[in-house]
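Q: Use the sequences and the hints to build the structure in full.
Taken in sequence, the protein lines are chains A and B. For the first sequence, the working numbering gives the first residue as 1, with consecutive numbering after it. For the second sequence, the working numbering gives the first residue as 1, with consecutive numbering after it.
What the hints contain is simulated information worked out from the structure, not anything from laboratory work. Ideal placement from N, C-alpha and C gives every residue a C-beta, glycine not left out. Take these hints with a grain of salt, some might be off.
[What the hints assert, rightly or not] Simulated restraints, written as ranges between beta carbons of each label pair:
(1) B/L127 x A/N133: 14 to 24 Å
(2) A/N133 x B/I60: 41 to 51 Å
(3) A/N189 x B/L127: 17 to 27 Å
(4) B/W69 x A/K58: 33 to 43 Å
(5) B/D232 x A/R53: 46 to 56 Å
(6) B/L127 x A/R191: 41 to 51 Å
(7) A/E33 x B/F120: 38 to 48 Å
(8) A/N189 x B/L179: 22 to 32 Å
(9) B/P59 x A/R134: 32 to 42 Å
(10) B/I82 x A/R191: 39 to 49 Å
(11) B/I199 x A/R100: 39 to 49 Å
(12) A/N133 x B/A217: 20 to 30 Å
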Amino acid sequence: MKTLLYSITVFFLMVGAAFAQTPGEEKLRQALEETMSIAANATSSAALIEKVRPLVEKNMAFNVMTRRAIGPGWRSFTPEQQTQAIKLFTELSIRRYVGRFTIGEKPSVVYRTARMLGHGSMEVPTQFVYKGNRYEVVYRLDQGEGWRIADVVVEGVSFIANYRSQLDAQYQKGGVEGVLQSLKNAVENPR
Amino acid sequence: MKKLPVISLLTATTLLIGCASTREAVRPSAPDGKAVVGDPSKTGFEEDLDDYNVRIADPIEPVNRVTFWINHQLYRYALRPISKGYEFIVPEKGRQAVYNAFENVKFPVRFANNLLQANFPRAGQELGKFLVNTTAGVAGLGRPAEHISWLADVPAADSGQTFAFWGIPNGCYLVLPILGPTTLRDGVGLAGDYLLNPITWCGFIWGGYGWFIAIPAANTMRALPAQMDVYDAATRESLDRYLAARTSYIQFRNEINARAHKNTQENQ
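A: Right, dumping it as structure tokens:
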């Protein structure tokens, strides 16, 4: 009897916890679970990217990401150049992000308590366990984009900061055209 | 205490080179001691400008770039094929067991550095993990400690982390031949880790082909697939591999140091 009562309490607590999730967390969880299922059943990385593409396009805030990745130089971009940069950076981001998922493997993910950062920004810390190895992954979501992913920080390494160092160097060297050219090169010559 | 001369040397070198004034963190630390990306007090584009800048002094960048390029060729034409061959010949379970055993042997590195960081509970956890994995895990081939919640997920301490804990700055960025990205501080830390590794002791005590060549070679081999993965993850879809690797390395070490610091504070 006690066990039954205990189970019922635990059940309702769990249901409660599920409902207590914010829309941002819920959206992230759905997107992640879906991406991981596709990766687990994918046959090649090219196929994986094409399958996940619509999902990623729906769930990542590429406008914000591009702006932040380019940094100070963004102000010198004309609207047309901005559109072009977003298009190129989107392609690069999809390939880089999806490339982190291992084909044929489904990690288990622990979702930790989300932190509100203010100004419509939120961090959801997670832990991925791949074959007994743990990876701390923090998702940063932006409300302005409908709680889309604006940065992914894997073991302290920020997706955006990684590109910022490279794109800012390109801007210092070759200005707006330098940035666009380097993005184009990277898209055309996958690494 | 053997470390003291090494540390004075490091400090002196750092002062000489004059790159001690580096701002290390991606951003100021949050109250919980963890470096976070995103500052709630700023909005919009103002925030975009300050965030995501990873600062590290790199006064010898041209030299580093050459070493980095040579390393890249070495990975591409030698180490990656060796790594692939190893993965092809030895089944995954075997590779994992060998990997585990070498990690288990490195116990003194983690234990000593926990003590040097005055993190006694974590030193105790490391000792417990070592005993469980050495006995129940058959010489560390298995990791049964992972199933004991107290012993699972113990953050690994190293000498570079200890130096950071003592407040020694990164100094400047360095790319070492074969080993790759590090900093002046972490490079000295690598030397410390090397000296704390029982494999090194055995080499100096018994010497010979086995301890100086075969065992270190096996140690390198077992770590290669993971090392190649880390390199690929950092430089995948990059515009400039050198900068991608540098930024990733610095952020990763900042995170490790912040985590160790937080863990020590929690344990005190």
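Q: Output the numbers, in ascending order, of every earlier hint that fails for this structure.
A: Violated hints (numbers, rising): 2, 3, 5, 10, 11; every other hint is consistent with the structure.
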